[in-house]
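What follows is the residue order along each chain.
Number of protein chains: 2
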Amino acid sequence: MWRLHHFALCPFSRKLRLLMSEKGVPYTLEPENPWALREEFYLINPAGRTPAMRHEDKDLVLADSRAIAEYLEETVEKNPMINGPAANRAEIRRLVALFDENFWGDVTAPLLTERYAKRVVLRQTPDSRALRDAMRLADQHLDYCDYLIDHRRWLAGATMSLADLTAAAQISVVDYLGGIDWRGHESTRGWYSVLKSRPSFQPLLSDRVDGALPPRHYADVNA
Amino acid sequence: MWRLHHFALCPFSRKLRLLMSEKGVPYTLEPENPWALREEFYLINPAGRTPAMRHEDKDLVLADSRAIAEYLEETVEKNPMINGPAANRAEIRRLVALFDENFWGDVTAPLLTERYAKRVVLRQTPDSRALRDAMRLADQHLDYCDYLIDHRRWLAGATMSLADLTAAAQISVVDYLGGIDWRGHESTRGWYSVLKSRPSFQPLLSDRVDGALPPRHYADVNA
Ligand SMILES: N[C@@H](CCC(=O)N[C@@H](CS)C(=O)NCC(=O)O)C(=O)O
Ligand SMILES: N[C@@H](CCC(=O)N[C@@H](CS)C(=O)NCC(=O)O)C(=O)O
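In order, the protein sequence lines correspond to chains A and B. FYI, UniProt numbering numbers position 152 of the first sequence as 152, with every residue one higher than the one before it. FYI, UniProt numbering numbers position 93 of the second sequence as 93, with every residue one higher than the one before it.
Just to be clear, a hint being listed does not mean it is correct.
No farther apart than 25 Å at their CA atoms in a straight line, the calculated lysine to any residue pairs in the SDA-like style are these [stated by the list, open to error]:
| hint | chain 1 | residue 1 | chain 2 | residue 2 |
| --- | --- | --- | --- | --- |
| 1 | B | Lys58 | A | Lys58 |
| 2 | A | Lys118 | B | Lys58 |
| 3 | A | Lys58 | B | Ala86 |
| 4 | B | Lys58 | A | Asn88 |
Everything labelled a hint here was simulated from the structure, so no lab data went into it. Bear in mind that the values here come from a model prediction, so they are computed numbers and not experimental data.
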């Protein structure tokens, strides 16, 4: 059985939880706090980051959510998520990078710092300007999602892909932290509520972290 | 013919230049300055980052160096660089992420900011503490490279892979900016000088940017 070293509000861990569930890969969760990484965790992932994944029977340790997603794609046939001709696969991976790097850096990381780490771990006052900037950038990223959804059935094309799971994982963390203003983003809201209704999403919607409760609409699959 | 939108000291662009040359894929270079990105470049890459790559005949626009590397791997048979069983491929991709994210964030990005952007583009004084921190972290990353090279023929295993090209691309930018102290890193130095001697590396070693000249050892394949 796989053990996923994760943090409940880590969007990269969430992406893998969605992916494994969609592909029917069983796993257990091992909580790790990215703000207080244990010495021993560096032996599992020298980058010192969640997620990392272990399989004792296979004597395997994997790290980095994109490397792990590619591994799952190559080894588990069910529900391919990096699919189609090479150009489509490149488009899926471009969007994965856009959400894991730009959306993460512009929006998710500042929200996690200001609304979770500072409040719960570091006991500092949130920087309201950083929060305002992040929420303004969230709005621009959602505009781009709206544009994609208005032109395609799913973010990267005709079928659900790792791009959708990656984007939804990032958005879900920001939504948990009250950082998404859904007004004016009907297309993305519709796409997100379809994803939210999937069985793979339910464990993410019922996760709670100490010290930060989500807004009421967060776990409402009809919202 | 491919057109690679690049910046001479962008390590992600350098990785693709090495990869395309190793795979024998012809391309032309289109310079782009990441500190003064043109409006029109956002139409090519909505993430506003180098590298991006276009092929007019194929009507294709690709972005993100990892997505592009996977595309080349899938479409060009010669010299596979993400090779072997799934576990090896996961190890290659883990190391690609380690260099593109951790080494980049800890070392390359601060060096580029302090020793290039502030000097040449922004006309600000470099922050000597940021430089010292980056060089201390460079040393730790090179320790990890030494450890890998002492246990394996190449960074990710028995054959040269995208991990080697990625690491060498990052290191080459930092070396250009005088940020690598090679003392005590004989293993990595040996590995790097083998890479430096390859034909694919020569164009990188002869590139120069305005306002910042590399130290003498930078282009010396015997150093
Ligand atoms: N590229 C990595 C990014 C992982 C990442 O940044 N994880 C965060 C938690 S959400 C972390 O562990 N941060 C701690 C650190 O960077 O030291 C992936 O895709 O897995
Ligand atoms: N994940 C991207 C990273 C590319 C990247 O960060 N490029 C830098 C130049 S070295 C850039 O364009 N920065 C400008 C920006 O982020 O706005 C890749 O692998 O291609």
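A quick look at each hint next to the structure:
no.	hint	result
1	B:Lys58 x A:Lys58	violated, 42 Å
2	A:Lys118 x B:Lys58	violated, 49 Å
3	A:Lys58 x B:Ala86	holds, 12 Å
4	B:Lys58 x A:Asn88	holds, 13 Å
Of the numbered hints listed earlier, those contradicted by the structure are 1, 2.
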